[in-house]
Amino acid sequence: MTGKKWKELFIQALRLYTLLVTLIVVIMMILGYLLDRDRVFGYDAFLSPLVYALIGTVATVITRSDQELSVRNLIIRKVISLLLIEGVILLIALNADTIPTEKSWVIPSLTLAVFAVFVLTHIILYFIDRKEAEKLNADLARFQEKQMNG
Amino acid sequence: MKLETRKIPESEPEMVEIRYHWITEEIQEIISFVKSRQGQLSATRDGKRFEVPVVDLFYAESVDDRLFLYTAADSYEIRMKLYELEDLLKNKSFFRVSKSMIVNLMKITSIRPALNGRFSAVLKNGEEIIISRKYVPALKQILKGGES
Numbered sequence: 036m037t038g039k040k041w042k043e044l045f046i047q048a049l050r051l052y053t054l055l056v057t058l059i060v061v062i063m064m065i066l067g068y069l070l071d072r073d074r075v076f077g078y079d080a081f082l083s084p085l086v087y088a089l090i091g092t093v094a095t096v097i098t099r100s101d102q103e104l105s106v107r108n109l110i111i112r113k114v115i116s117l118l119l120i121e122g123v124i125l126l127i128a129l130n131a132d133t134i135p136t137e138k139s140w141v142i143p144s145l146t147l148a149v150f151a152v153f154v155l156t157h158i159i160l161y162f163i164d165r166k167e168a169e170k171l172n173a174d175l176a177r178f179q180e181k182q183m184n185g
Numbered sequence: 479m480k481l482e483t484r485k486i487p488e489s490e491p492e493m494v495e496i497r498y499h500w501i502t503e504e505i506q507e508i509i510s511f512v513k514s515r516q517g518q519l520s521a522t523r524d525g526k527r528f529e530v531p532v533v534d535l536f537y538a539e540s541v542d543d544r545l546f547l548y549t550a551a552d553s554y555e556i557r558m559k560l561y562e563l564e565d566l567l568k569n570k571s572f573f574r575v576s577k578s579m580i581v582n583l584m585k586i587t588s589i590r591p592a593l594n595g596r597f598s599a600v601l602k603n604g605e606e607i608i609i610s611r612k613y614v615p616a617l618k619q620i621l622k623g624g625e626s
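Taken in sequence, the protein lines are chains E and X. My numbering applies: residue 36 is where the first sequence begins, and numbers increase by one. My numbering applies: residue 479 is where the second sequence begins, and numbers increase by one.
Next up, chain E with everything else stripped away, as it sits in the complex (with noise of 0.2 Å):
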């Protein structure tokens, strides 16, 4: 893998990774509030967005080939992926001590969490993708008018 592809590579997964700890916070917020209002957290609390959005981060590996990937391909490395990352989450949730595991309504909540994150996540890159293909758009129109007009 060349310098360039690598920069490429490290400036995708931090934008995917601020993203996940913004949307991991949000979802954490809304849920505590709805859930578990009065619950009060420690400092070490702010830590683990920024571990849940690093397990998101590495999971992306999957999806990553250097050969082309059909779209069916994809979609299946991308369940498999999210499929780790609950299995990853969970196993944490179960070990720590900090997480009511023991309330029925936390593995559900938490299965739901990480699904919404990875859904709005991948929701959220299509419409910045989506504003990068209207200036790439509006790039070719030019240069297909430059072209025809030598």
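One or more hints might be untrue.
Interface residues of chain X toward chain E, partial, derived using beta-carbon atoms under 7 Å [unchecked claim]:
| id | residue |
| --- | --- |
| 1 | P487 |
| 2 | K568 |
| 3 | S571 |
| 4 | S576 |
| 5 | M584 |
| 6 | T587 |
| 7 | S588 |
| 8 | L593 |
| 9 | S610 |
| 10 | L621 |
| 11 | K622 |
Derived by calculation from the structure, the hints in this document are not laboratory data. Note that the structure is predicted; figures quoted are calculated from it, not measured. Here a beta-carbon is modelled for each residue, glycine too, at the ideal position from N, C-alpha and C.
Position chain X against the provided structure of chain E, taking the given hints into account.
Chain X in isolation, oriented as in the chain E frame:
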């Protein structure tokens, strides 16, 4: 093969003359090269030879070490490597969109996002091709008027 070049006055038209005994593979390659420089590509379809105008070309795709040319409705096979064709057409609005494909930018109607940071290009004949994420920065550059 003997090679002869001759400087001629500007009043005379420039030309390439090929003298041959038989059209061998080597001769055909030279003919194809000259034609491609004139905006045509020698390709085959169903065993017949065709001259495909470069302006009619939508995209070229390499499949299992064979290179195919696609126009609005037809496809042809050309005896060339993808990188050779890319090099030949680089000043003619063609751009590499993936490991196995180059596309005529003049035949793209629109670009839209696809999965996983990729984009897809909708061509004037309705076909849709994938632009690999790796080639998007170079595409941006070329559309802004820079060399990729």
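How the hints compare with the structure:
no.: 1; hint: P487; in the structure: 28 Å, violated
no.: 2; hint: K568; in the structure: 14 Å, violated
no.: 3; hint: S571; in the structure: 6 Å, holds
no.: 4; hint: S576; in the structure: 5 Å, holds
no.: 5; hint: M584; in the structure: 6 Å, holds
no.: 6; hint: T587; in the structure: 9 Å, violated
no.: 7; hint: S588; in the structure: 6 Å, holds
no.: 8; hint: L593; in the structure: 5 Å, holds
no.: 9; hint: S610; in the structure: 6 Å, holds
no.: 10; hint: L621; in the structure: 4 Å, holds
no.: 11; hint: K622; in the structure: 6 Å, holds
Hint violations for this structure: numbers 1, 2, 6, all remaining hints satisfied.
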